[in-house]
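Using the sequences and the hints, build the whole thing.
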Amino acid sequence: MTTTTRIERHHYDVVVIGAGGAGLRAAIEARLAGKKTAIISKSLFGKAHTVMAEGGAAAAMGNVNSRDNWQVHFRDTMRGGKFLNNFRMAELHAKESPQRIWELETYGALFDRTKDGKISQRNFGGHEYPRLAHVGDRTGLELIRTLQQKIVSLQQEDQREFGSYDARIRVFSETTITELLLDGDRVAGAFGYYRESGEFVLFEAPAVVLATGGVGRSYKVTSNSWEYTGDGHALALRAGATLINMEFLQFHPTGMVWPPSVKGILVTESVRGDGGVLKNSDGKRFMFDYVPDVFRKQYAETEEEADRWYTDPDNNRRPPELLPRDEVARAINSEVKAGRGSPAGGVFLDIASRRSADEIRRRLPSMYHQFKELADVDITAEPMEVGPTCHYVMGGVEVDPDSGAAFGHVRGLFAAGEVSGGMHGSNRLGGNSLSDLLVFGKRAGGHAASYADGLAARPKVAVDAVEAAVETALAPLQRDTGESPYTLQQDLQVVMGDLVGIIRREGELADALRRLAELRERVAKVSAFGGRRYNPGWHLALDLRNMLVVSECTAKAALERQESRGGHTREDYPAMEPKWRQVNLVCSLDGDTVQLTRKPLPKMRPELIGLFDRAELGKYLTDEELADFDALVADAGEADNR
Amino acid sequence: MSAKRQFRIWRGDETGGDLQDYMVEVNEGEVVLDVIHRLQATDAPDLACRWNCKAGKCGSCSMEINGKPRLGCMTRMSTFGDEETVTVTPLRTFPVIRDLVTDVSFNYEKARETPAFAPPADVAPGDYRMQQVDVERSQEFRKCIECFLCQTVCHVIRDHDENKQAFSGPRYFIRAAELDMHPLDSRTDRKEYAQAEQGLGFCNITKCCTEVCPEHIKITDNGIIPMKERVVDRRYDPLVWLGSKIFRRGETPQTSVTTARQGSATPGSARGGVHSHAGGSHDPRAEAQAQSGVNWHREVPHPTAPSVDDRGKLPLTELTFDRAAAPSPFGDDVTFPLPPEHLNFAHPEQDNKH
Ligand SMILES: Cc1cc2nc3c(=O)[nH]c(=O)nc-3n(C[C@H](O)[C@H](O)[C@H](O)COP(=O)(O)OP(=O)(O)OC[C@H]3O[C@@H](n4cnc5c(N)ncnc54)[C@H](O)[C@@H]3O)c2cc1C
Ligand code: SF4
Ligand code: SF4
Ligand code: FES
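Just so you know, the sequences run in chain order A and B. Per this note's numbering, the first sequence starts with residue 1, numbered consecutively. Per this note's numbering, the second sequence starts with residue 1, numbered consecutively.
Source of the hints: derived by calculation from the structure; they are not laboratory data. Just to be clear, a hint being listed does not mean it is correct.
[To be verified] Cross-link-like lysine to aspartate or glutamate pairs, in silico, DMTMM-like; alpha carbons within 25 Å at most: (1) K218/B with D137/A; (2) K36/A with E109/B; (3) K372/A with E215/B; (4) K4/B with D376/A.
Spelled out as structure tokens, the structure:
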């Protein structure tokens, strides 16, 4: 009993877990709806992962090309996701993102401008028109700072009205939530600890919005920070919600793997376009061995021919280094697995020996400077060590598209941002994440507020649940026989990186599941050295079980889905299968085992499917679906004739 | 390519601590933060240190490396000599929580006090029109990653906790500047606010903040100095210098600014030009009547009583003051050069020539 009485308690109407773009936008909405709102974040206010986004935020404002509109954006998003997206989310996203961007300007954001003074938009892969609102290469920073400052301005209003900045919206920074608390099937609160002091804190609230971001820390090479341990995914599972699309992770084939100071940073494909070649530890230019038959005709067979292509592309075939991303990734993967990798587990990307230093500096200025400044690596003098890098998780909490309310058997739980699933299907287009955060952050915040309004009585937190949460949290500190959390994290990263990485095989996935089961036992016995105050070892020990359960979901779903699509590549099933397009893989938790079920995708509304060409749909849809489509078109034709 | 290197890291909490020595493996191309991570994974699993992006984008990993405030993730090991011991300490200006983690809440409090963007009343979302050249000035300041290195290096608060209440620091001066330069911000008193409430007057443009800024924001030249310039017709700064040449020390009718402590500022009293902070005033009519040449018996106008606030206290703090640095000892209504005949001054050498 003594433990629970010392716990700090707070009462809120809406608790938002996560202070990235999605969390802050949700909190603003809940506060504007008059709800007493808490924002909780593992790091300091304004440091969430969203700051790292560079490219921009996609919104069909049509400022640069007036032909752009939500229909085109919708089409691009569905194509990018290989038609596995939740069509309703893609539709809402395409329709609402311009308003969400314009709204940021009223909060003080300063985007780059067009000549006529509007928000400038840039081109990006997969987007038909220039569509990404941007601020140099720091769009994410602008987004988060703007939202942060909007929250401050709301706090200033409250200060004037109630005499306290914290009256209606308060930020709890460096606070980690470890457990959601339920009253029956309703959310009743969230339990966690202050990182600074190690003291526990209990938020009693009828509505919780998850906006905790992604899962990349489970991978050896990732562009993600320590925060990305899949906490929100795991919290949702444990509260009875479901996850979808967990097999889809975005990898980039060439991220730096060494030196550690730049590990995970992406090397643009233009390095290869400008003459960079991939070599293994024997110094062999290995890509020639990996040209698949279908591409045989377009790609050079000898180094001489390949090298001539750079200057004379009309009379020579392309170098195999320029094969599609997944082919390159597969080749790198195979070389590493065959023991011909670089010391850090990648391969060598060599441009230094092929182009003069001057030319490299001229053609790749930002690459050159980035590596020079961050790692003192001179790409004009030595080859880079590169390998596949984990970047973004498409999968996440299965939500109602309109409200962001989690499916499964829990009420009062909402999710938005990278932690939610469905919007991006099997692959996310660049720039669609930042606008996703705003559109669905606002929706989740608003619906959480009205859910809280509609409750007759506040759900109650059960004392024994809190005690159990305290016990779980303290356990690693009280054990001294277990392994170090750092070792366990490394082992987990190896399993995921090697066996559930960018290219997957049935045998390896099954092996991964066995190893994850072993790791689970070890993680259950982890011990952390030191005290409760700002102890990163302890924090990691607590994050591990989240990483583990989320990794299990990914491995299970990857094993189940016998096709290749977007962010899921199966070497044993290299083709995209229309019948798999109709299926979402849904993960849930039964006790502490991950259950996987198949669930049909919702059927796209006629006016939306009508936006596509039949020829394009032919690549994605089954014959029955195509027949339906033809009937639809015929109907519409008749209607026109009448 | 890897070698053992000597690190000294401050370990402890608010009750005290000391530098501890570690021998740690360092590989080519690593940054200080990598080494700290290696220590966490080996000898010091509970070593507390903030970080997020490891790419100089989030401003979490601020620390003092060999005494210099820096980002751990942007400080390459190759910048140190092979035998050099690397000493890492927490930011000095903020209270230590544990090891390299400090309590930076000071900054968030100052952020909260700085008035937010005030959107133009009659422009609908989507109708904002601004030219790139006009947004660029503010954009420079919006590059700020809130690493608070400029805050920790600024001497006004670095070893002077007592100034913290009255001084927001360079990060928030550029926030005010950013809004001042925002093409569509509808508040017009950003400069006055910075002078009156943020303690801009404490800043004596040492430029240390600009030097440490990892985003290379020209905090002083582009932010602070323009903010210090008063509303156009009240420029006077260079004349303070002139004044000190004209009056000999001790004769200067100086009104020194009392040690700046927050408290006396009542909202509204902040507006520039409400009362004369300089104390004395010169009556041009009296001046005109003064005889030409040196007249030591000339009657100098009597100082008028300064206005007091509603608690009867002098609002003579930099907080409520409408400009940077010391006030003009001559009063606000004097323009220079003064007519020579108005000066009680005789140049000894020139006089001798007569
Ligand atoms: C290098 C890089 C570049 C990118 N570039 C782009 C781009 O150009 N365009 C684009 O659209 N997208 C881009 N993305 C993707 C995009 O940045 C992210 O998907 C997006 O920022 C996620 O935002 P979020 O609000 O969901 O979560 P985040 O911003 O990651 O925030 C998560 C929040 O949850 C908190 N949190 C997590 N767990 C807990 C817990 N247990 N308790 C309390 N708080 C918790 C964290 O502290 C944090 O505040 C990029 C990503 C990376 C890594
Ligand atoms: S220039 Fe001003 S704000 Fe900057 S460090 Fe010096 S005194 Fe501080
Ligand atoms: S102005 Fe520069 S030094 Fe100061 S907080 Fe911002 S980025 Fe850091
Ligand atoms: S970790 Fe983000 S700036 Fe260093």
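Here is what the structure says about each hint:
1. K218/B with D137/A: Answer holds: K218/B to D137/A is near 19 Å, not above 25 Å.
2. K36/A with E109/B: Satisfied, since the Cα-Cα distance of roughly 20 Å is no more than 25 Å.
3. K372/A with E215/B: At roughly 16 Å apart (the allowed maximum being 25 Å), E215/B and K372/A satisfy the hint.
4. K4/B with D376/A: Holds - the C-alpha atoms of D376/A and K4/B are around 19 Å apart, at most 25 Å.
Consistency with the previously given hints is maintained throughout, with no hint failing.
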